[in-house]
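**Q** Order-wise, the sequence lines are chains A and B.
In terms of UniProt numbering, the first sequence is numbered consecutively and its last residue is 372.
In terms of UniProt numbering, the second sequence is numbered consecutively and its last residue is 640.
These are computed hints drawn from the structure, not numbers from a lab.
For each residue, glycine too, the CB sits at the ideal point set by N, CA and C.
Where hints are given, some of them may not hold.
To give an idea of the chain A side of the interface with chain B (calculated C-beta under 8 angstroms), a few residues [to be verified]:
no., residue
1, 32
2, 34
3, 35
4, 127
5, 155
6, 237
7, 282
8, 284
9, 359
10, 360
In case you want the letters, here they are:
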Amino acid sequence: MKVLVEEKSSVRIFTLNRPKQLNALSFAMVSGLLKLFTSCAEDSSVKLIILKGRGRAFCAGGDVAAVVRDISQGNWRLGAEYFRKEYTLNYLMATYNKPQVSLLDGIVMGGGAGASMHGRFRVATENSLFAMPETALGLFPDVGASYFLSRLPGFFGEYVGLTGARLDGAEMLACGIATHFVRSERLTLFEEALCKASPSDPLVISSIINEFSEVPNLKEKSSYHKLNIINKCFSRRTIEEIIAALEREGVQRKDDWISFSIQSLKKASPTSLKLSLRSIREGRLQGIGKCLVREFRMVCHVLRGEVSKDFTEGCRAILLDKDKNPKWEPSKIELVSDEMIDRCFSKVKDDGWEDLQLPVRSDLASYAIAKL
Amino acid sequence: MEKVNFRTQVLTRHLLNNDHRGTTATAGISTSPCLSYTPPELSSKPFPFDVNSMRKLMDGHNIEDRDWLFNLMIQSNLFNPKLRGGKIFVVPDYNQSMEQQREITMKRIQYLLDHGVFEGWLTGKGFDAEMRKLALLEVIEIFDHSLAIKIGVHFFLWGGAILFFGTKRHHDKWLKASEDYHIKGCFAMTELGHGSNVRGIETITAYDSKTEEFVINTPCESAQKYWIGGAANHATHTVVFSQLNIDGNNQGVHAFITQIRDGDGNICPNIRIADCGHKIGLNGVDNGRIWFDNVRIPRENLLNSVADVSADGKYLSAIKDPDQRFGAFMAPLTSGRVTIALSAVYSTKISLAIAIRYSLTRRAFSITPNGDEVLLLDYPSHQRRLLPLLAKTYAMTFSGNYLKLLYVKRTPQLIKTLHVVSSALKATLTWHNMRTLQECREACGGQGLKTENRIGQLKGEFDVQSTFEGDNNVLMQQVSKAMLAEYVAAKRRNKPFKDLGLEHMNKSCPVIPSHLTNSTLRSAQFQGYQLAEDLGRAYSDRLILQTFIEAENNVTDTPLKEMLGLIRSMYVLVTLDEDVAFLRYGYLTVEAAATVRREIVKLCAEIRPHALSLVSSFGIPDAFLSPIAFDWVAANSWSN
Chain A
1 MKVLVEEKSS VRIFTLNRPK QLNALSFAMV SGLLKLFTSC AEDSSVKLII LKGRGRAFCA
61 GGDVAAVVRD ISQGNWRLGA EYFRKEYTLN YLMATYNKPQ VSLLDGIVMG GGAGASMHGR
121 FRVATENSLF AMPETALGLF PDVGASYFLS RLPGFFGEYV GLTGARLDGA EMLACGIATH
181 FVRSERLTLF EEALCKASPS DPLVISSIIN EFSEVPNLKE KSSYHKLNII NKCFSRRTIE
241 EIIAALEREG VQRKDDWISF SIQSLKKASP TSLKLSLRSI REGRLQGIGK CLVREFRMVC
301 HVLRGEVSKD FTEGCRAILL DKDKNPKWEP SKIELVSDEM IDRCFSKVKD DGWEDLQLPV
361 RSDLASYAIA KL
Chain B
1 MEKVNFRTQV LTRHLLNNDH RGTTATAGIS TSPCLSYTPP ELSSKPFPFD VNSMRKLMDG
61 HNIEDRDWLF NLMIQSNLFN PKLRGGKIFV VPDYNQSMEQ QREITMKRIQ YLLDHGVFEG
121 WLTGKGFDAE MRKLALLEVI EIFDHSLAIK IGVHFFLWGG AILFFGTKRH HDKWLKASED
181 YHIKGCFAMT ELGHGSNVRG IETITAYDSK TEEFVINTPC ESAQKYWIGG AANHATHTVV
241 FSQLNIDGNN QGVHAFITQI RDGDGNICPN IRIADCGHKI GLNGVDNGRI WFDNVRIPRE
301 NLLNSVADVS ADGKYLSAIK DPDQRFGAFM APLTSGRVTI ALSAVYSTKI SLAIAIRYSL
361 TRRAFSITPN GDEVLLLDYP SHQRRLLPLL AKTYAMTFSG NYLKLLYVKR TPQLIKTLHV
421 VSSALKATLT WHNMRTLQEC REACGGQGLK TENRIGQLKG EFDVQSTFEG DNNVLMQQVS
481 KAMLAEYVAA KRRNKPFKDL GLEHMNKSCP VIPSHLTNST LRSAQFQGYQ LAEDLGRAYS
541 DRLILQTFIE AENNVTDTPL KEMLGLIRSM YVLVTLDEDV AFLRYGYLTV EAAATVRREI
601 VKLCAEIRPH ALSLVSSFGI PDAFLSPIAF DWVAANSWSN
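All chains should be modelled from the sequences, with the hints used to inform the complete structure.
**A** Structure follows, in C-alpha cells:
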C-alpha cells in the first residue's frame, strides 16, 4: 500500500509510503488520496486529516518519470490524465471542509508541495527542504504553485519559482510556506496531542501546535535576507529584465547569492522561465480554481511538445541519463516569442480534450481556502 | 395571549427546525442553519464564451503590461492590502486625513517610479509607447483616482505641455528630468474667476526687453490660479497660462514655465501658494492656489511651438488669426478628455462587477413557503436596474477604444473630428459613470455605504469628472454647435455630409414600421437608423452604437459575437426607451415605445444567466473589487 491510513479517534493519518522513491506521487497514490479525501469529506466522524511521509522525505514530487515514459510512447494523453487527477486533488485540498495538517519532515518539492500547500496547516522541521525545481526540468511550477507562490511576500514567489531555490524549515516559516515549525523530535508527541484532542476548530489546532512550535533563526546567508534585491529584480516585467537587473546588482556588490541565482536562471529552460513567470503573474490575480484550470492547459501544451520539447529533454538530462546537461530548444531566452507562450495558455485544439473540470463548491468555509 | 401563543410557536419552530444538513436535535441548541453564502458561479450558466477573449477585446491592448502593474500594486504594503473573508483586497484608506492621503499618494508614486512604471512616458516615441502609457494609467485609475490624477497632471498636463506647446530646447531641458521625477510639474490654467472660458483668464504677463525676461503677475484676487493639482504641497514647477502683453497689445493666452518651489521644497520668492482645502473626494491630490507677484522668468521659458517673442520684444507667430492660434494651442489638451472618458468606463466596471456579483449571492424574500429566499438578480426589477447599465458600459468601452485610437493616431485633418468626438464621449461616459455609481450603490443597499465596499466612495472620487477638463454641458453644446455648423455648411455647399459621422444623413430618412417585431428590434440596421438624428446626445448615442457595431463586426468567434449582439440590442433599446426625444420628435409611436419596453424585459431575462461571465470579462482582479463581491458572510464574521 503506497498510502497508509490510520484512524485515531476523529483524526485520519495518511502516510505516503514509497520511501525508496522519496514518496514521489504515483498515479495510484494520487487516485488513492483523492478517494480518501473525498470519502472523509462526507464522513462526519472525521474532523482532521494529518498527512506525512515515511522515511527521510515528505514527498519529492510527482511521478514525472512515468509521464515522460508515456510521452516517449506517443501517449501524452495518459500523462495529461495524471496531472488532471493531481490538480483535482490539489483543488479538493484547497477547498476542503476540514483542516489538513501536513508534517513536512524532510524533502517537499513539486507535487509534494501541491499535496501540502493547499492545506490549512503546514508544519516544517529542521529537516525540511522545500523547492519548486520545475524550470530546470523543462516544466513550470504547477500543482497550484501559481496561486501559492504568487502570494508569498513581495516577489519572493518569482524568485523561488524561477530559480528553483531551496528553502530550509526556518525560511519556509519566515515566508509563509510553512505555518509552523516544530523540532522533529517533538513530532510524535505533537501528533499524539492532536489525536487526543481531535479538534475540528482551526483555532484549537493552532493553539495545540503552538505548544510544540518555535520560531527558529534564519541562517546568516539565507536568501530571505535578500528580499530587497529580490523585490527589486524579480518584480521586473520580463525574464530578460530580471536577469539584467540581477547582473546590474552583481556588478555593484560581490555576492555569491546573486551569481548563483543568475546561474540558476541561465541553466533553466528558457521556455520554462517565460511560462513560469507569466503563470505566477496571472496566478496572483486569480483564485485557486482558475489557477489550476490554467495550469492544466499549460501542462498539456508542454506534454504535447508543440512549442518546445524541453520537458522530455530536461527529464532525460536530470532524471534518466543524469548528465545534467540538457540541450534546450529554443536555447536562448530571446528566441522564445510571445506567440509561443500565448499558445501554451490557450485551450488545447485536440478532439475530446477538455478543460480541467472543477466542481463549484457551495460550502466553502472561509478557513478552507488556502491561507498564506 | 394570542401574541404569546404565536411567539411560542415561532420559538418552537426554530428549536425543532432541522435542517437540510441532517444534524440531530441531540446536539442541543445549535446555531440554526444560517443564511449562508453561495458563490455566484452556482447561479450562473457555464460561460458560453471565452472570458479572456472578451477581456482582450474590451481592454484592447497591453494586457500583460496591465497585469504586471496590478501585480506590482498587490505585492506592496503601500497599496493598503487588507484581508477580508480569506481574500486580499487593495483599496486606499480613505479614512486617513487629507495630509496622510497626500503623503501616501506621493510614496506610491515613488514606488511605481522605482519599479520602472514610468519609463518612456515622456521620452518614448511612437504608437506602442503611447498605448502602453495609456494602459498603465487605466490600471492606476482602477486602484485610486487620486493617484491617477496626481500622475496624470505631472505627465499628461505638465509633460504634455512641454511636449506639445514647447520646442526642442524645452524637450531637451525638461522631458527626461520630468520622467525621472527630478522635478514635479503642475498645470496652472484655471483661475478663481475663469474655468471654462480660458480665453478670459486674468493673469497677465509682460516682457522686459532690457533683461530679456517675462514678468508674470496676478493683478487681482479673481485671477489667482485655483484647483492646481500638485501645487499645494509638492510641485516644483508649473506651466502658467496667462494673457501676454507685447508693446501694449494683448496677444492672447500663452504658456510659460515657472519654478514655484526649490529643491528643498521651499516656495520661491514672489510666489504665494495656498491650499484649496478638503474636498468631497480626491483628497490624495494636493490642489493649490497660486498668486504670482511680478515673477520674472527667462524668455526661453515661453512655450513657443505656436508663437514666440524675439529678444528685442517682437511678437512672432505663423498663425495670424488669434482664434486659430488659440485653437492650435488648445488642441493638445485633448489627451485629458481621452483619459478621463476611459477612466469613467473603468469606474463603472468596478461598480457593476461588485453590484452584480453581490446580487448573485444576496437573497431577499421567499416566494414559496419553505423555499430559499430569492437572489436579488432574479428579480426583474433588479435586472432592469443593472443589466442596461452593463450593456451601456460595454458599448462605451468600444467607443472609448475608438476614441483612444483616434487620439493616438491623430493627424491634422482629424483634429476637428477628434475635438468633437472627445467632447461628446467625455461628457457621455462621465455622466454614465455617476449614474451607474448611484444605481450600484443603491443596488447594494446598506453595504453600499461602507467605504471598504468601494462603490459609494467612488461617487465622491469621480464626481469631479463631469466638470473638470471641460464642463460636460459646455462640451455637449460644442458638439451641437459643430453639428449645426457642419449641417449648414454642407447644405450651402450642396455637397453630401462627410466626417463627423453624419454620412447616414445622406440617405433618406427611414420610416419606422409601426409594428415592431423582435427581430426588427434586434437588427443592427434598424438600430443604426433610429438613432440617426443630430445634436449632442443623439450624436454621442449614435457614435457609440457605430463603434459597437464595428467592434462586433470584427469579431469572428461565434459565441462572442452572439453575446455582443445581445448586449448591443440592450444598449440601443434602452437608449430608445430612456431618451424622450424619440417620442417627442415622432420617431417612435406610443405603441412602438411600449414594444421596446417589453423587449427590454425579455432581454434582461436572456442576459441574466450570463451576467457573471460579462463582468468577469472586465479583467479587474478580485483584489481590486471589494468584500461584497465575494464571501461577505465570512468577511463580516466575528473571527475576521
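**Q** Find the hints from earlier in the document that the structure breaks and name them by number, from lowest to highest.
**A** Numbers 1, 2, 3, 4, 9, in rising order.
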